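Chemist: Assemble chains W, B and C onto chain D, guided by the hints.
Protein chains in written order, with our numbering: chain D, 17 to 272; chain W, 17 to 272; chain B, 17 to 272; chain C, 17 to 272.
Derived from the structure by calculation, the hints contain no laboratory data. A few of these clues could be false.
Note that the list lumps identical chains together, so a pair holds whenever it fits in one copy or between two copies.
Subject to a maximum C-alpha distance of 20 angstroms in a straight line, what follows is the list of computed SDA-like cross-link-like pairs (lysine to any residue) [to be verified]:
hint : residue 1 : residue 2
1    : K97       : M133
2    : K97       : Q63
3    : K97       : Q33
4    : K97       : M115
5    : K97       : L140
6    : K167      : R149
7    : K97       : A119
8    : K97       : E66
9    : K227      : E207
10   : K97       : M67
11   : K142      : M117
12   : K97       : L69
13   : K251      : C261
14   : K251      : A210
15   : K142      : M115
16   : K97       : A31
17   : K97       : G118
18   : K97       : S196
19   : K97       : M117
These figures come from a predicted structure and were not determined experimentally.
Protein chains: 4
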Amino acid sequence: MEINLNADLGESFGAYQMGNDSLLLDVVKSANVACGFHAGDPWIMTQTVEMALPKGVSVGAHPAFPDLQGFGRRAMQLSPKELEASILYQVGALDGISMAMGARVTHVKPHGALNNMACEDTDLAKVVAEAIRDYSRDMILLAPALSELAKAGTAAGLPVALEVFSDRAYTDSGHLVSRSQPGAVLHKSEECVAHVLRMVEQGGIVSINGKCLPTPFHSVCVHGDNLHAAETANKVRLGLEAAGCTIVTLPEIDLS
Amino acid sequence: MEINLNADLGESFGAYQMGNDSLLLDVVKSANVACGFHAGDPWIMTQTVEMALPKGVSVGAHPAFPDLQGFGRRAMQLSPKELEASILYQVGALDGISMAMGARVTHVKPHGALNNMACEDTDLAKVVAEAIRDYSRDMILLAPALSELAKAGTAAGLPVALEVFSDRAYTDSGHLVSRSQPGAVLHKSEECVAHVLRMVEQGGIVSINGKCLPTPFHSVCVHGDNLHAAETANKVRLGLEAAGCTIVTLPEIDLS
Amino acid sequence: MEINLNADLGESFGAYQMGNDSLLLDVVKSANVACGFHAGDPWIMTQTVEMALPKGVSVGAHPAFPDLQGFGRRAMQLSPKELEASILYQVGALDGISMAMGARVTHVKPHGALNNMACEDTDLAKVVAEAIRDYSRDMILLAPALSELAKAGTAAGLPVALEVFSDRAYTDSGHLVSRSQPGAVLHKSEECVAHVLRMVEQGGIVSINGKCLPTPFHSVCVHGDNLHAAETANKVRLGLEAAGCTIVTLPEIDLS
Amino acid sequence: MEINLNADLGESFGAYQMGNDSLLLDVVKSANVACGFHAGDPWIMTQTVEMALPKGVSVGAHPAFPDLQGFGRRAMQLSPKELEASILYQVGALDGISMAMGARVTHVKPHGALNNMACEDTDLAKVVAEAIRDYSRDMILLAPALSELAKAGTAAGLPVALEVFSDRAYTDSGHLVSRSQPGAVLHKSEECVAHVLRMVEQGGIVSINGKCLPTPFHSVCVHGDNLHAAETANKVRLGLEAAGCTIVTLPEIDLS
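Just chain D, with the same shape it has in the complex (with noise of 0.2 angstroms):
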């Protein structure tokens, strides 16, 4: 079976570093890189970029909502025209960088309160989707599995690979447990690769009750904020080889 491992990368801003590109670079194999809103610079994302290709790691955009103070997780209300702009204006903005490298974006994944809005908001799910199939009918969206946002990329067209979350709890709904509540957020590393191993075997989401809601899903998000993140990341890439997964970039999954 092949499976893909993402991440947030290049989230670093002029002289303000941030998380473990280069650790996260060797076990995800494909990236989703910040465009300047919520963060990243342009010679960062050049950076990303240029580390990331060697590895054989593709790149995806990550665009936000322009909030670099709020680190794109604060909530804004842009308007559709506004919000479409924003996400070409940050594609094409890596699409171009990539370009110069030789390589090019081959999917989009939201960030922050962007993404959480998409999620739950159809309206908002289908400007993104469509957004980023008016840049190109070949663009990946990355979106989580059972949300607005999957189906607003399906309903547009565009080819979409689910995500699963390595170190969130899901409720039984489907949605993630919010911060607030306990044991929302995964933090022993054992506990991480169990979940995702679960939902491999099961076929589907597994919530923190052990209810199962089927969904294919072709990729699992990981972190790296801090070196413990890093090394959690890696041991639930070890996972899922063991379990016999091979793990390959999004544009190498069959999503059709």
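Modeler: Chains W, B and C in isolation, oriented as in the chain D frame:
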């Protein structure tokens, strides 16, 4: 004889209006569109391209230093790597917005202080030209005639369109007369028209002292900061047409 | 009877011009000066205060959400701590610029989405009022009559100046008629003058249906976005003076 | 003998962490707090002042060029009026935040490229010093010993505290050895301690060649970019105390 008219457009930002884009788009055939660093934002960029396309105006990127407060007019010291990345970012961003409308960016013209510095500084000119070349070998560089930037474009293998200014006087060495000098800017419409026609007839830049510096040129830059400027731009066009010129887009000009 | 006229000023930014500050400063007696978050920059702020002082116009801070692109008109979710700090930052910045000219900021009026939200949301209003109170117990809060913000100001022990709008219609419950409704904005000068005089005569807010909600008020807000608006502002002033009112600065009004 | 220790603090931004503020605040007695232009945001500034006050550390403003992406380290050309306004804005903003906690900004130290330029350029130094003087004649200017900035501060009538650097070598003319030269930065704790004590004993700046340039100085600048630097700062403090110095805040030093 075929010649191009170009102007800087899309320089509004959010609630701030600047220029007379609608008027100028009936005059020029190529638009240098601000890319969000000195002016413009994603939605302004979108609206500008949306207005340009049905009028048969070709779309160019107008990248600048990241300085909205200074409108890109202040000298900044970016490292070559940062500058290269910033140009790719801006060109790609506008191209992303254009692609969603089925169009492409076909030329690049640096803005303000970046343009001024690249016209004088051989090393900086090389960075700018090679960034554009790395984006696409078919991208037209729109650069002042006789400038270091134009030379660097040719050296990088780019198609280079040479421009002259309709409302600026030149020194005997082919540089713009400094704005601090009397006569630097031509304020009357008739002066601008006569200045341009003189250069067309003599086949080169004609200085404030009447000296001709022979050089091909392919485009005339006009301005539309106020209503008078937009009207002058139109008179320059009418004057060129009366002199037998056909006004075309940059991609239509033979730059080989 | 003494009454104040106030307007939003200093909303230019860098090369971008907005409003008719010079005209309005001959009409109003208190200026709400943008502080760099939604509009204004340090040099614009300086020029605005420099123009206001010799005309006997009192200077107020007009703090906003950090959203230049959206002109502070988009709802944002800042934590109470961030919001408090942002208000203190902006008020202090303008006060610093004013102090260098021997003047002080004497009032604060929140801008745009921040003001709208603080007029409805009791908790947010409390954060705003207490931030101002922590800056100075003598700082006048300029708040819409009958708003939660005004109540919060009084509860915080601040001197509160209540304002009504010259060009906006009110509902029977004292809120502004939504801009999406017909009649929300009064466009004709005579309508604005009549609206203001009616409220002065009846001693309260007069709704679009003619209902009077009795409330003291100390200031009338006028606008100067275009030449017509600035002329209307002047007619409101003349109308008030003809009705026997003396136009004074906010600090001259007895708010006890 | 009384002497001050100062450090740059509050250089985090939003989700981005920088420096070891908590450690350094136990070592220094005066904090140069970033004001949002090169680093810092209103909430970071608030937290920094909140940490400094109970530790008896005096608060200073660390104004910079408006360049978050370049961390204020890139030369920018602001007009004198813009620069003056930008300094007043930043000092006022931090003072506003401090006032809400019952404290005041008591010194100003320019940051990065602005500081470097003001140490060399007499005209720029005058603009900086006079902006601070216009804010308050009692504001202490913290400037490198033997710099143009220090001279400009004295000429403007400001109390000027002269600083030396604990981890930087000096040329025989009293300038910092360029970072591109070997030995420019002292990396070992013992070297830093010895360097500082040598200057204290000899009553002046001691160059890399052992030459002494006699000058009073009131403060030693230490850094805390990493854990090692913070530990070195502490050793410098212990060394000074062992040599009989008392470490005090800038306002406690007699600058007359």
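Chemist: At most 20 angstroms between C-alpha atoms: does K97 with G118 qualify within a copy, between copies, both, or neither?
Modeler: between (31 angstroms within a copy, 17 angstroms between copies)
Chemist: At 20 angstroms max between alpha carbons, let me know whether K97 reaches Q33 within a copy, between copies, both or neither.
Modeler: between (33 angstroms within a copy, 18 angstroms between copies)
Chemist: Since the copies are identical, ignore which copy is meant and state whether K97 and S196 lie within 20 angstroms (CA to CA) inside a copy, between copies, both or neither.
Modeler: Answer is between: at 19 angstroms across copies they meet the 20 angstroms cutoff, but 33 angstroms inside does not.
Chemist: At most 20 angstroms between CA atoms: does that hold for K251 and A210 within a copy, between copies, both, or neither?
Modeler: within (10 angstroms within a copy, 48 angstroms between copies)
Chemist: Between copies, within a copy, both or neither: which fits K142 and M117 at Cα up to 20 angstroms?
Modeler: Classified as between; 18 angstroms across copies, 31 angstroms inside a copy.
Chemist: State whether the alpha carbon distance between K97 and L140 is at most 20 angstroms within one copy, between copies, both, or neither.
Modeler: Close inside one copy (11 angstroms), not across copies (29 angstroms); limit 20 angstroms.
Chemist: Is it within, between, both, or neither for K251 and C261, if the alpha carbons may be no more than 20 angstroms apart?
Modeler: Within one copy only: 13 angstroms inside, 53 angstroms across.
Chemist: Reference check for the pair K97 and M133, CA-CA at most 20 angstroms: within, between, both, or neither?
Modeler: within (16 angstroms within a copy, 24 angstroms between copies)
Chemist: Checking an output row: K167 and R149, CA cutoff 20 angstroms. Within, between, both or neither?
Modeler: within (13 angstroms within a copy, 39 angstroms between copies)
Chemist: Is it within, between, both or neither when you check K97 against E66 at 20 angstroms Cα-Cα?
Modeler: Intra 32 angstroms, inter 12 angstroms, cutoff 20 angstroms: inter-copy only.
Chemist: Within, between, both or neither: how does the pair K97, M115 come out at a Cα-Cα threshold of 20 angstroms?
Modeler: Between copies, since 16 angstroms is at most 20 angstroms while 26 angstroms is not.
Chemist: Given identical chains, is K97 near A119, meaning Cα to Cα at most 20 angstroms, within a copy, between copies, both, or neither?
Modeler: between (29 angstroms within a copy, 18 angstroms between copies)
Violated hints for the displayed structure: none, as all numbered hints are satisfied.
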